[in-house]
Structures are given as structure tokens and as C-alpha cells.
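Chemist: What follows is the residue order along each chain.
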Amino acid sequence: MTRPLLLDALRGGATFVGDGGMGTELQLAGLEPGGCGDEWNLSHAAAVQAIQRRYAEAGAQILLTNTFGTNQFVLSRYDLAEQVAEIARAAAMNARAAAGPHTYVLGDIGPCGGFLEPLGEISEDALRQTWRLAIQAMLDVGVAGIIFETMTALDEITLGVRLARELGAPLVAASMAYDPVRGGGFRTMMGVSPADGARACAAAGADVIGANCGRMEPEDFVAVAGEMAAVTDAPLMLQPNAGQPRLEGTAIVYPRGPESLAPALLELARHAAIVGGCCGTTPAHIAAFARARG
Amino acid sequence: MTDLAELAQHLIDGHDADVARLTRDALDEGRAPAAILEQGLIAGMQVVGERFRDNIIFVPEVLVAARAMKAGLAHLEPVLAACGIEPIGTYVIGTVKGDIHDIGKNLVGMMLKGAGFRVIDLGVNTPLAKFQAAIEEHRPDIVGMSALLTTTMGQMKVNIESFRAAGLFDRLRVMVGGAAVSEDYAESIGAHAYGADAPSSVAKARSLLAELKAARA
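Those protein sequence lines, which keep their order, are chains A and B. My numbering puts the first residue of the first sequence at 1, with every later residue one more than the last. My numbering puts the first residue of the second sequence at 295, with every later residue one more than the last.
The reader is advised that the hints may include incorrect statements.
[What the hints assert, rightly or not] Chain A is faced by these chain B residues, among others (derived, beta-carbon under 10 Å): (1) Phe352; (2) Pro354; (3) Val390; (4) Leu422; (5) Gln449; (6) Ser476.
Honestly, the hints are just simulated from the structure, not real lab data. Don't be surprised by glycine CBs; every beta carbon is placed ideally from N, CA and C.
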């Protein structure tokens with residue numbers, strides 16, 4: 001394989017186009033609201049691959065696996081707690097099948113769905129155990145790294161980063177979801193600032209530091225990136241939503257279309273090594289960004 | 295004599311053992327349970343709510359305060375019940391069908407309990423029939439529905455229309471909340487109130503309850 005390690009490429013100054021939203025695309029493909037998108041890696045592998053292929057064709061150079069909730073706590077709500085490794089393996093194979101020879105795949109890890117002790121009832125051991133299954137399964141397939149994203153709690157994300165390091169992930173990315181707060185600045189739901197998040201994730205061993213989702217406009221990510229860059233030299237990754245969803249009639253609409261989002265993403269690319277999209281972004285958004293980027 | 299302001303402060307700081315101890319002390323001294331609840335626990339939770347709303351504190355601080363409140367209520371509730379002090383109202387709460395998110399809903403439920411409501415929590419992924427059965431069984435004053443996902447919030451409208459068709463709105467009020475929901479959306483689907491966050495949900499629940507009681511009087 002001629003493709004260099006993603007981390008080496010990033011350290012060499014290369015920049016990349018990420019992918020866009022997965023959940024909304026799965027629903028367009030027929031996933032019922034509230035259904036288990038992760039399970040589709042097994043039962044609807046072709047549909048998952050088709051979405052990821054559209055992102056790759058749109059110009060995404062990095063694809064995330066469809067494993068946002070692949071942990072025992074989320075999957076137990078669907079009676080699938082025993083299938084963490086199986087789903088993770090299938091997901092990594094789906095993404096690899098959709099990815100071209102020059103496209104990287106990152107194994108995706110979303111929030112565990114609860115709070116760690118002592119605040120909540122999930123023990124560190126239990127979380128490590130279930131994430132270990134998912135991460136190991138994806139590393140065995142040969143993903144280019146592991147990304148923790150849409151995280152809001154420092155204990156949770158740093159546990160994940162350390163675990164992925166221990167398991168030998170060739171790259172570990174750590175991305176949190178920030179909201180604007182009164183009086184200026186940004187915090188996660190759990191009160192973590194971009195500077196604190198970046199500092200803690202870098203200290204835990206993250207190679208790439210990021211922000212995604214959250215109740216921010218895409219333009220707000222410039223300020224968040226600035227706060228993160230002030231405390232870490234690590235390459236940054238930014239994946240905003242297509243604006244904040246609003247209701248039009250009975251339809252939920254993300255206000256930023258491909259042509260409106262592309263300039264915003266282009267601006268973010270001046271501040272981050274990897275730029276893609278989150279909720280409400282589609283292959284068309286990524287294509288418009290990739291075209292604008294040239 | 296136990297300082298109820300100190301009790302409130304311990305609750306704000308999330309000191310559950312201190313809240314439990316001071317609640318017990320106040321009861322042992324013969325303080326009126328209603329005063330302990332109002333001037334101690336609820337007063338503290340009020341401050342927590344305001345600080346949360348103003349982004350001075352975040353979810354972890356609210357969770358530990360709610361836990362402290364629970365520690366106090368554990369001592370207070372049996373006494374309140376023995377004195378014949380009824381809950382101020384009954385609130386049925388649940389995340390709608392197709393949605394399995396419950397962090398916000400649980401916070402609202404805890405704070406409603408703290409505010410003196412009897413809370414019946416139907417959990418996540420709650421079908422309409424389960425809401426209907428709970429309304430029949432528990433005769434709530436308010437039903438609260440939560441949705442995090444833009445894809446499941448439509449279910450709130452379906453439920454509200456069914457409650458309306460069943461003629462429930464002469465005795466029942468409906469509140470909605472969750473990340474996807476907005477004030478405008480709440481209004482457009484005929485909800486009686488929108489809870490932006492846990493503290494404001496409690497405030498709105500109280501005012502809906504007052505409205506209902508005035509209408510019944």
C-alpha cells in the first residue's frame with residue numbers, strides 16, 4: 001500500500017476533507033427514527049456502504065465507521081449488548097469496502113450514553129471493557145485510527161484516548177461537542193471549555209484534537225479552534241453541523257445548504273487539518289466543500 | 295436551631311451527607327416539614343436552576359445537587375406524608391417513541407420531585423399507548439414529553455393530538471422539551487408549555503399547575 005500513515009501525513013502538513021452526517025443519511029435510506037443505526041452494519045451492509053461510498057465519491061478522504069453507539073450501554077437498549085465486537089468488525093469492513101485506496105477509515109466512538117462514576121452509574125472498568133471490544137475489532141480490520149467524537153465529559157473521553165493508545169491505535173483523535181454560553185465562550189454540556197478539552201485530550205495521548213456538533217454555527221468553530229490551538233500543537237479536526245435545525249411546517253430543516261456551508265468549511269480549513277461535517281451535512285455538502293477547496 | 299439557609303447552601307454545593315444531616319436535625323427540632331422543604335431544599339434548587347440557566351454551572355453540578363436533594367427528601371418525604379401533606383401535583387414524564395435519550399428527562403424528573411411533584415417516569419421509547427395508560431391510571435395534572443432527535447419530535451404532535459381528541463385537556467396540561475424542541479415548535483404542535491431546561495421546566499410546571507387549580511376552583 002502506497003498510502004502513508006495518516007498521522008505521518010498530518011505531521012507532514014497534509015490537510016484532509018472529512019465526511020458528513022451518517023444518522024440522517026441512514027434514515028433517508030429507511031432506518032426508522034430511534035432505530036439502531038449501528039446494527040445496520042450487519043443487516044443492511046450494502047446501504048451503509050452506499051452512504052460511505054457517496055461520501056468518498058464526494059471527495060471525503062477520511063471516512064468514519066458507522067459505530068457511534070457501538071457500546072454495551074447504548075446497544076443494550078436494543079437488546080444487542082452482546083454484539084459490540086461483531087457490529088464493530090462489520091462496520092470497519094463496510095467502511096473499508098466503501099473507501100478507495102487513498103481514503104482513510106477512522107473507527108468511530110460516540111458517547112457511552114450515561115455518566116461515569118461517581119457522577120453516574122457506569123464504572124470505568126465496564127466502559128473500558130466494552131470500548132476495548134469495539135476498538136480492538138476495528139483495529140483488527142485495519143482502520144487508520146480511532147476517533148472519539150461528540151464527547152462532553154473529560155473523564156469519558158480521556159479514558160477512551162488512553163485505551164485506544166494502549167491498544168496500539170496508529171492514530172487517536174478526540175473531538176468534543178461545544179455549545180455557546182452566556183457571556184461568551186464555549187463549553188460542553190458538562191462544562192468543559194475548548195482549552196481544557198484540548199489540553200486534557202492531548203495529555204491523555206490524542207494525536208488529533210477536534211470539535212464537532214454542538215449548538216454552534218459553523219463560523220463559531222473558528223473561535224473554538226483558536227482556543228484549542230492556544231494550548232496544543234496537535235493537528236485540529238473540525239466537523240460542524242449544517243447550522244442549527246429548525247422546523248418548517250412538519251419538516252426538520254438544517255438551514256445551511258451545500259453552497260452556504262462550503263465557504264464556512266473553507267474558512268475552517270485555514271484553522272484545521274481535517275474539516276468535514278456533522279448533523280445535517282450530506283454528500284452534497286462535502287462535494288461542494290471539496291470543489292471549493294480545489 | 296438548624297439554619298435552613300445553610301441547608302440550602304449544602305444542597306447548592308452538592309453535599310448530600312450534610313443535606314441529609316441538616317434535614318434530619320431540622321425535623322428533630324420540630325421544624326415544619328413544609329418550611330424545611332421550601333426554605334431549605336427548594337430554595338437551594340432554585341439557585342442551582344438559576345446558575346445552570348446562566349451557564350455558571352453545568353450538568354455535573356446539577357446532578358450532584360439533585361442527588362443531595364434526594365438525600366434530604368428521603369428524610370422529609372415520610373414526614374410530609376405522615377402530616378397529610380400531599381404532593382403539589384402529579385407529573386407523568388417520558389421520552390417519546392423512537393427516542394432513547396434520557397439525560398435531560400431524568401434531570402427534569404429529579405427537579406420536579408424536588409419541587410414537590412409526584413413524578414411517574416415512563417422511561418425512554420414510550421409509545422402513545424403507554425402515555426395513555428399512565429394518564430388513565432395516575433390522573434396526572436401534567437404530562438411531559440421529551441425528544442432529543444429531530445426525527446422523533448414529530449411523535450410529540452401525534453401524542454398531543456390524541457390527548458386532545460380524547461378530551462383530556464380540561465384536566466391535563468402537556469409540556470415538551472429536549473434538544474430538538476424549541477418554543478416555536480412547542481407552540482406549533484399545541485403543547486401548553488416548553489421546557490428549555492430542567493429548572494425552567496419546573497417553573498413552567500408550577501405555573502401550569504396554578505392555572506389548572508384556578509380553572510378547577
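Chemist: Checking each numbered hint in turn, tell me which of them this model violates, lowest number first.
Modeler: Hint 4 alone not satisfied by this model.
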